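The task is simple: from the sequences and hints, build the whole structure.
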Amino acid sequence: MLSEHPVLERAVGPHTTISGKEVVNFASANYLKFVGHDKLLHNDMESLERTLEKITAQNKRVKKLRRYVVVEFVYQNSGQIAPLDKIIKSKEKYRFRVLLDETNSFGVLGRTGRGLTGYCGVPIEKIDIVTAAMGHALATEGGFCTGSARVIDHQRLSSSGYVFSASLPPYLASAAITAIDILEQNPDLTSKLKENIAILCKSNPESPIVFLVLEKSTGSVKSDLQLLEDIADRALKQESIFVVASKRSTLDKCPLHVGIRLFVSAAHSESDLLKACESLKRVAAAML
99 MLSEHPVLER AVGPHTTISG KEVVNFASAN YLKFVGHDKL LHNDMESLER TLEKITAQNK
159 RVKKLRRYVV VEFVYQNSGQ IAPLDKIIKS KEKYRFRVLL DETNSFGVLG RTGRGLTGYC
219 GVPIEKIDIV TAAMGHALAT EGGFCTGSAR VIDHQRLSSS GYVFSASLPP YLASAAITAI
279 DILEQNPDLT SKLKENIAIL CKSNPESPIV FLVLEKSTGS VKSDLQLLED IADRALKQES
339 IFVVASKRST LDKCPLHVGI RLFVSAAHSE SDLLKACESL KRVAAAML
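First residue of the sequence shown? That's 99 in the working numbering, and the numbers climb one at a time after it.
Derived by calculation from the structure, the hints in this document are not laboratory data.
Bear in mind the structure is a predicted one, so any value in this text is a computation, not a measurement.
A few of these clues could be false.
Simulated restraints on C-beta separations [unchecked claim]:
id, residue 1, residue 2, range
1, PRO267, GLU327, 44 to 52 angstroms
2, SER265, ASN157, 34 to 42 angstroms
3, ILE275, ASN157, 40 to 48 angstroms
Each residue gets a CB set at the ideal place from its N, CA and C atoms; glycine is no exception.
Here is the structure:
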């Protein structure tokens with residue numbers, strides 16, 4: 099997939115605070131590379147509340163606050179779904195902007211695959227900026243950033259030149275449009291996907307990402323990653339099952355456990371998923 103450039107590219111004022119960098123994926127964290135931040139606990143609303151209270155208290159006299167909370171609707175590093183309804187309540191209480199990364203939820207969640215609006219019943223107008231990579235559900239490249247007319251007008255005027263000079267080739271844009279048309283014409287695809295997820299994972303039957311972590315760490319992230327990669331390699335060679343071990347950049351400060359990520363598709367049959375489960379059990383039992 100093409101490199102994802104920052105949506106928020108420079109500090110927008112002397113009182114800019116962006117929180118959430120350590121618990122989002124590397125692409126989302128890349129949006130925040132220019133500014134310091136407070137640590138947040140993963141998917142923890144109490145942690146978010148404490149951070150927002152602290153920021154509010156520190157900036158009581160500031161007339162124009164520019165505060166952003168960057169949220170992945172489906173966390174790539176855990177597969178969990180963010181409590182968006184609670185985040186919106188906090189937004190209205192503490193007056194901040196929400197940048198929502200829907201890379202793993204667009205085309206997946208909700209009755210028609212529209213992501214947050216279909217799944218949580220949250221009006222799209224309550225989200226300031228929505229961004230997503232198109233290399234997942236849409237099976238193409240690039241990404242999009244959308245929001246209110248005011249936000250997009252500012253983006254058109256203030257974005258770096260490469261946004262226009264290195265824009266998506268027409269054939270890739272056409273592929274994305276065709277994928278959206280297929281989703282709209284076949285609403286049963288999202289229903290089938292939900293059924294497949296439930297077969298594979300009962301604890302989180304909505305998320306398209308199922309995360310398997312080691313019950314007991316080897317003692318270091320590097321050793322854990324090597325063990326997981328060995329399991330993934332053997333699953334492919336011996337069982338013809340393709341799974342993905344965590345890929346951590348040296349710049350990625352995510353504190354979550356590394357693991358093996360399973361991506362569920364509407365194209366999988368029940369027998370495919372059951373076979374994958376049994377194969378992984380055999381490989382893991384032989385190596386752990």
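Requested in this report: Taking the numbered hints from earlier one at a time, note which ones the structure violates and give those numbers from smallest to largest.
Outcome: The structure conflicts with hint 1 only, although it agrees with all the remaining ones.
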